[in-house]
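Student: Each chain is listed here by its residues.
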Amino acid sequence: MVTTVVAQEVTLKNKLGLHARPAAHLVRLAAQYKSNVVLVKDDTRIDAKSIMGVMMLAAEKGATLTIECQGEDEEELLAKLVQLVEDKFYEE
Amino acid sequence: MDRLQVGAFFQDMRERLGLELANSPKGLSRFIIQKNLHRPGLALAGFLDLFAYDRVQVLGNTEIQFLRSLIPEALAKSLERVLAFDIPCLVLSAVGAFPPELPEIAEAHSICVFTSKLSTTELSQILSNYLDDKFAPSLVVHGSLVDVYGTGLLFTGRSGIGKSEIALDLIERGHRLVSDDVVMLIKKTEGVLIGTGSEMLKHFMEIRGVGIIDVRQMFGVRAIRLQKRVETEVELVDWDEKQDYERLGLEDQYKSYLGVQIPYIRLPIYPGKNITVIAETIALNLHLKVYGFHPARDFNRALMETILDKSKVRSYLEKDYE
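Going down the list, the protein sequences come from chains A and B. For the first sequence, this note's numbering begins at 48 and goes up steadily by one. For the second sequence, this note's numbering begins at -19 and goes up steadily by one.
Hints listed in this document are in silico derivations from the structure and should not be mistaken for laboratory results. Hints are not guaranteed to be accurate.
Below, in silico cross-link-like pairs of lysine-lysine (DSS-like), each with a Cα-Cα straight-line distance of 25 angstroms or less [said to hold, decoys possible]: (1) B:Lys168 / A:Lys88; (2) A:Lys88 / B:Lys167; (3) B:Lys97 / B:Lys167; (4) A:Lys62 / A:Lys108; (5) A:Lys88 / A:Lys60; (6) B:Lys182 / A:Lys108; (7) B:Lys6 / B:Lys168; (8) B:Lys57 / B:Lys182; (9) B:Lys222 / A:Lys88; (10) B:Lys235 / B:Lys168; (11) A:Lys88 / B:Lys182; (12) B:Lys57 / A:Lys81.
Work out the full structure: start from the sequences and follow the hints.
Tutor: This is the structure we're talking about:
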């Protein structure tokens, strides 16, 4: 059982925030990995492999999210997810 | 929720309590940090030890009449003394005439004063319920909550195992969806767990390969409900030959959320297994248990009686040497 968690805080940079398309990108990426991923916004923690959960956050531009990965490929996944946010979900 | 802004409270309860703001909106940015109410009668009279200043202060007829009986200097002194504390807001119930110094001095300390025509008892009750709700411990879980024959079944399990598909199948059969994918659990009172969906996701669901669907539009208002007591958790797990699954159901398993224990069932799934019918069975079985029937135990009792009878006959016949 892997118990360590890697986490990083990110700030959303794309204009429309985490709407359906970016959410789908994020979930699709997370689903390719074995690790569990949790997105934290304010007090809400959701499974990043659940698209409805990610959209529920209704995260706007400038919002801060914490990405927490846990599992065998946690480091790689976290790096990819942070990159995706930095790349503004390939939107702009 | 850890704290509630006075402005949000005012917006929520304005109509219900007929609240009116008696001074400036400066204090609307303050926070209410706990659910209890306080009547500051003793504090106004000068006894400030143990003054629960961090609660919403409700001033009823008694407090107001007391303040009106004071001479101006004493009134100002009393109010200054009390309002110097970090009070979230004041609510005057059963409001008649009150000393104008009250909202004025409160304003100087940036504390809002609200008035309501409701009686103190009525106001306290409504306000208490509202704050109880707002400050109830809550938790977001990943799963689907469906009302099956009146029983709240919470389906959990790894992402992609088919929770939404089971929920959809149950809806098809006339059961009601509370929330898919994300369920907010709220501990309303001791031992009662209420599940609800998020405001955003209300009755939308994602079906792999299809996309987002709107259950309410598709199946109508009969297929949904806004909240439901969570009565059993059904965790869907991948079938694994090496694992040991429940065969008898003699012992009930439980799981705990926010300190509330709910019955818990681990359900192995594999292609072709009709989980929907099993879910209905789980719900009906729970009903039976609530009404005092426990199928596994009842069956075992009958089995033990039969075994006992048989052994009586056997021992009788064994002694029979005719």
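Student: Return the numbers of the hints above that this structure violates; sort them in rising order.
Tutor: Hint check: 3, 7, 8, 9 and 12 fail, others pass.
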